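**Q** For reference, the chains in residue letters:
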Amino acid sequence: MKKAIVPLGISLFFSALAIVLLIVFFFLFLRGDRAPNEVVIEESFTAAAHGIAVQYLAVPVIVDNEAITVADLIRLWYHDRARYQKTLERVSLEFLQASTMNYRDQDGEEQVRVFWINIYEKLREPYVGLQSLIKFNQPKPTFVSEQRGRAVGVVPVSESHAVMVELWSDAA
Amino acid sequence: MSKKAQIFDVTLVFITLGAMIAVLFVVNTIASETSQWKTIGHRAFDLQNTYAQGDLFVGFMATAARWAAAETVRELGERGGFLAIPSCGSIKGFAYWNTPDGKTTCTPLVYENFYNLLSQKLEHYATQYPQVQKIPYEFLVTGDRLLGIPTIPVRLNIFGPKEKVVRYNPFDITALFSPGLYTERYPVVQGLTGFYVFRPNFEIPFTYNLDIYKALIDAAEEMRRICAPNDIIEEKTACVQKKLTAALAQANEQATVTVEVEDNVYYITITQQPRKSIYLGNEAPVIRFALPLPQG
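Residue numbers (the numbering used here), protein chains in the order written: chain B, 1 to 172; chain E, 1 to 296.
None of these hints come from the bench; they were simulated from the model.
All values derive from a computational prediction rather than experimental measurement.
Some hints here could point you the wrong way.
Said to hold, decoys possible - DSS-like mimics (lysine-lysine), calculated; alpha carbons at most 27 Å apart, straight line:
1) E:Lys-92 to E:Lys-121
2) B:Lys-122 to E:Lys-121
3) B:Lys-122 to E:Lys-134
Excised from the complex, chain E in its bound form (with noise of 0.2 Å):
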């Protein structure tokens, strides 16, 4: 071999090298953002975190539920039991239970009217969870346990955060040679690996009273019916406190009855004592409906 071969031998391994570290480093520039991405446990991690998020959402849902049923408890009884407008109307706030000239009743349907106002609340509440679609639910008061069903499923996408798809552009070669540069111009597109479709069902403590709306409703059935006739005032305003406190008592219910009597329509509010949860504040829920029992 000539010295000139050997000196062109010797700088063709050189290139040679030089060439695959090249080839080498580029492949490098690729894999390096895709495959430490790669790895064992991580597609289990991002499952785990949205198992856990939607724990989260349940439990959001429940601390809500808690809440929402006081206040629904509260707004009811302020509603007389409707659910919005009375279906006799109202006076001075009062819900009329049954028409001016006593011939009517309209005395309102309670469990339902607490499940949609519940439901209509729990909904302006899911708003505040970020990316929730609306979710309906239907509600069962069964003892002390009041059980939230939605009716139709929540969806979570499993996106693999560092799941990271890069596109690759082999003719770009300032920037195959610089990392930074090629994820600045090819920015990297963020997989979703899947769903995690789950009902957030929830079951919280219900320690309120709807019975008490029953007792009520016969109590003034009865009102309409004994206490009506009496023309004297006193009279049948006694009668109405004495009905009234005997449906409190078949209701076991402890509460503070208060009747105001104008133009033979009876104003009553009662008081709920003693509190019945923190979720309901310091201020006692009431119940106020109005009673016309003209003597006709």
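One chain only, chain B, in its complex shape (with noise of 0.2 Å):
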């Protein structure tokens, strides 16, 4: 009788052990790879840009004694760079540091988000593909983070022709 008890803790050892094992695989597996706040604020990234570009093309600017929007110039300065390029440098940098943000991060450490903007165009034939025509970064992110959103708006430059703006949410 004695000898049985024995091999029956042994037994109940090892399948204590494994329940233990199972639970700590159990775990480690189906955590996932993210926590879901770490999503939710990859997405706002993309939001925040959205949000942003909505405002940026429709900020008022006065231009030859003019009430525009930012849109307006950015195809004038498209037409006469010489003359209007000033002016949208300072409009946009202004904008981009108006809306830098500090934040904290879910684990409570201080976090910079910013964004950039790159206007482009779709290149007319016969080439094909994308050209950068300006950029504006304030400031300058430092890194290029795995965390970042974009949105794209369209500003017409003529009835048959348009530019880009893409508007970047980035960390820095």
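Join the two chains into one complex using the hints; note that each chain is given alone, in its own frame.
**A** See the structure below:
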């Protein structure tokens, strides 16, 4: 009788170990790669980029004593860069500076959310591809993080041509 | 329990454990492809982004309309207020406002032509926007505002860009044990989660004076009645100038009038000054028309 208790104990020990290991593996595997709030934060970059893009193109600006929008200014600049370059740069950098945001991430660490702009156009035939026309960074991102969002607005520069205003939201 | 039985018992426990871990691994391989995307708030962000895309499109159309309205004003003036071919024809690029015999008037329906030309231009502009169908607009000039009201709504698809559906093949054991290989062999399908339907209305400033045409059409009628019978060309030209100046004053429009005469046809150019808007560019818009004023 005494002999049977020892093997039973070993058996129970291994069974318990199996259950513990199973639970450990269960949590290791099914935890997922990333916590849900991290995914939400990443999504918020895209949403922020969209919101900022809408605002940027509608920012009022005084040009030649007339109130127009940044979208209109981009069109004027496209056709006369020497005349409107400085105004576009000033307005864009001021806007990006004002849009920069400090926040704390889920670990309580201080983060800076920055935005940057790339204006580009599709090349006309016979060329194929995209050509960047101007970029605005303020402050300049020190690195390109994995968490970033993008939105694209379109500005008509003529009846048959348009430029794309690409707005990135990034953590610096 | 014999020693063999003990060994068997322990081995069985480990085999069972290994099998369960393997099953968990496979389940996780499948689940990780889908579960991480189904995050709280993800669809809300998709919806928010789609709303923003709608706002970007409305902004695009409003920008296009501001420039298109100026281009339309300019082109309409150069065409003498007509949409395309003037009903009485044209001479030297000047649209006739009455027949060469001076008996029949053919004046333009300016507002109607303005709306039609603007609509054509906006359709061209809209083709620059990716993946947008043709949107017919109705317009209304009210005071110093131009309203654009689309007659059909725009539909934007709400894609969950990461709302992935993985096709599952339980028999492909090698792929199951390699997440990258699994995704490669069984590509994901992008999910359409809904639609956002809206009307891209816009309201833009409109500082151009289309009523100038009405004043000019009335003046042309007076010129036919009062100036045409005069057989002294200088007096007739002075009469035409006087009527045009009075018409512009009536329309509260500052403009310069240029009149050239050839074979009893008056070539009239109204140059609107000062510049009304930055959208018109540096060149002042003109209104050109030809008025045959034969004596008979």
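**Q** Next step is simple, just say for each hint if it's right about the structure.
**A** Cross-check of the supplied hints:
Under the criterion of a C-alpha separation no larger than 27 Å, the hint pairing E:Lys-92 with E:Lys-121 is consistent with the structure, at around 25 Å. For the hint linking B:Lys-122 to E:Lys-121, the alpha-carbon distance of about 21 Å falls within 27 Å, and the restraint holds. A distance of roughly 21 Å separates the Cα atoms of B:Lys-122 and E:Lys-134; the hinted pair therefore holds under the 27 Å criterion.
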